[in-house]
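Undergrad: Please construct the entire structure, taking both the sequences and the accompanying hints into account.
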Amino acid sequence: MKNKYIAMAAGLAMAFAGVGCSDDEPATGSGSHNWNIDGNEIVNIKPERTKLLRNPMSGWVLYAGLGDGLSDTFWEDYDNFPSAVGPVKVSDYANTLFIRGAWSDFNPEPGKYVWNDGQLNTKPAKRFKMLVDGAKERGMKLAFCFVCDSQDKHYCFTPQYVIDAGAKGFYTVTGSVTVWSPYADDPVFQQKYEEFVRDFAAKYDDPDVTMFISGTGLGKWGETHTMTYSTGNNDPRMAVAEWVTDVYTKHFTHVPLIINYHRTILSTGSFTDNAQTMETSAQIIDMAVRKGYSLRHDAFGMKQYYKDWERAEAKKYLYQRPLIMEGGWVESSHGGSIKGDGYADHGEVRWGEYYEGKAACVNMMDFRYSKSAGETWRWFNDAYEAVTEFIAEGAYRLYPDKVSVPVSAHRGQNVSFTHRWSNLGWGYCPTNIPQWNQKYKVAFALLDRNTEKPVFVSVDEEPCLDTWIKGKPSTYTTTFKLGDVPAGQYVWAVGLVDTTKDNEIGLEISAKEGLTADGWLKLREVNIQ
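Using my numbering, you'd call the opening residue of the sequence shown number 1 and step up by one each time.
A few of these clues could be false.
[As the list claims (entries may be wrong)] In silico BS3-like pairs for lysine-lysine, Cα to Cα no more than 30 angstroms straight-line:
#1 LYS153 x LYS203
#2 LYS315 x LYS472
#3 LYS453 x LYS501
Hints listed in this document are in silico derivations from the structure and should not be mistaken for laboratory results.
TA: Here's what the structure looks like:
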């Protein structure tokens, strides 16, 4: 199947030349390094190249929602999903469950929320519990988008209580249904929306549970375009951008926030090549990034929407912020439109999305919901090789290929390690985002031989994992004083720890063997005197 798309891939490679992952990034780690430290032994480590790593801000994202379009057998469907290699469990391939839903489904009445057990008995509340419980059982984290604009929808996506409070808005017609949406610059709407975001954050600003938050929810489909303001023009655009990004950054301080990067962000239009509109879009994106936002785009593979302007924006923030990809063409609603992009069928669409995402060095790709034939089905049946290739080569995959390790040591005296790290993925580990604030660090540990639990841990403050780029190994020499542990035989180990959680393992190392159940990579036994 993959051979069918070789010519298309070559064309995309030419089109994206100079935009994708660079091999010209400088190597990290300072100074020269001595591998032949007196009393040390060099340990070489083999990488694990194909296993799914459940690391944050990486991997495939499985989509779901709270509306009636969702099957009530969602998990049963995805636990027995047809693929090119037979039935598979989709959660074995994906790290995140993305729940995109109407604000009115999350919060239909003042102070009543789907996440509070026993408060609501609505269908969306039951689906929310089913989805959240199922994700937890399958080792997946959650992500969310709250849509408040009702354009193109068959019911109002903003709760009735907001209208009753006096919020001003506008009507649109979807089929035979008239729906209402708020003006994004209306002060009553803004007050009620912030109250909702505040209360949601009190529950879900938790990185152990939540992978990311799509941090606006405004505009058509929640994608921050086709806006309508009370003024009838774009005059409130920048003020609304400042307001909504302030709301999310105020209340979400531990979980990554995401904003769309497209040429009409928070504009009244859906698409334009107008220079002034695009200049303002670039200013809004830059403002959001400075506040701590990461980036996503929802039209990968749509060649008339994802073009050189979007590629340049992605390149501008390469390795500064992680990028999330969502494909654009939806099989059930876009039909023959794909032919305008030169695709023969929706299998080719998936490959077009994949190569565009690879060129942008995205950290995450999407499995959108489909009961049978649809986006996820196409990935697993017409582009299964892309599914497994992204797990192996996308996002980030970190491991130390070589470590100089002390053979023996004395309590209270210094020990030194020289260690070299590589990233096998085309993306990066975004420890530089404000919500993480470099909390993930390299640490060396002495493990109890029997329990494989650490009895001593030393964190190396020099390595910054966000600087580890594919093809540029980073080398460090670390020296620290060994603590007052009892004399005896131990095991040296290295790990990527979360310094906000008492130096527990925070990231999986991509090593072939030698990992403990907790994620420490064993290096060699050592005699402590």
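Undergrad: Confirm or reject each hint.
TA: Now the hints, each set against the structure:
1. LYS153 x LYS203: 28 angstroms, holds
2. LYS315 x LYS472: 18 angstroms, holds
3. LYS453 x LYS501: Since the Cα atoms of LYS453 and LYS501 sit roughly 15 angstroms apart, the hinted pair holds (cutoff 30 angstroms).
Every hint from the earlier list agrees with this structure, and none is contradicted.
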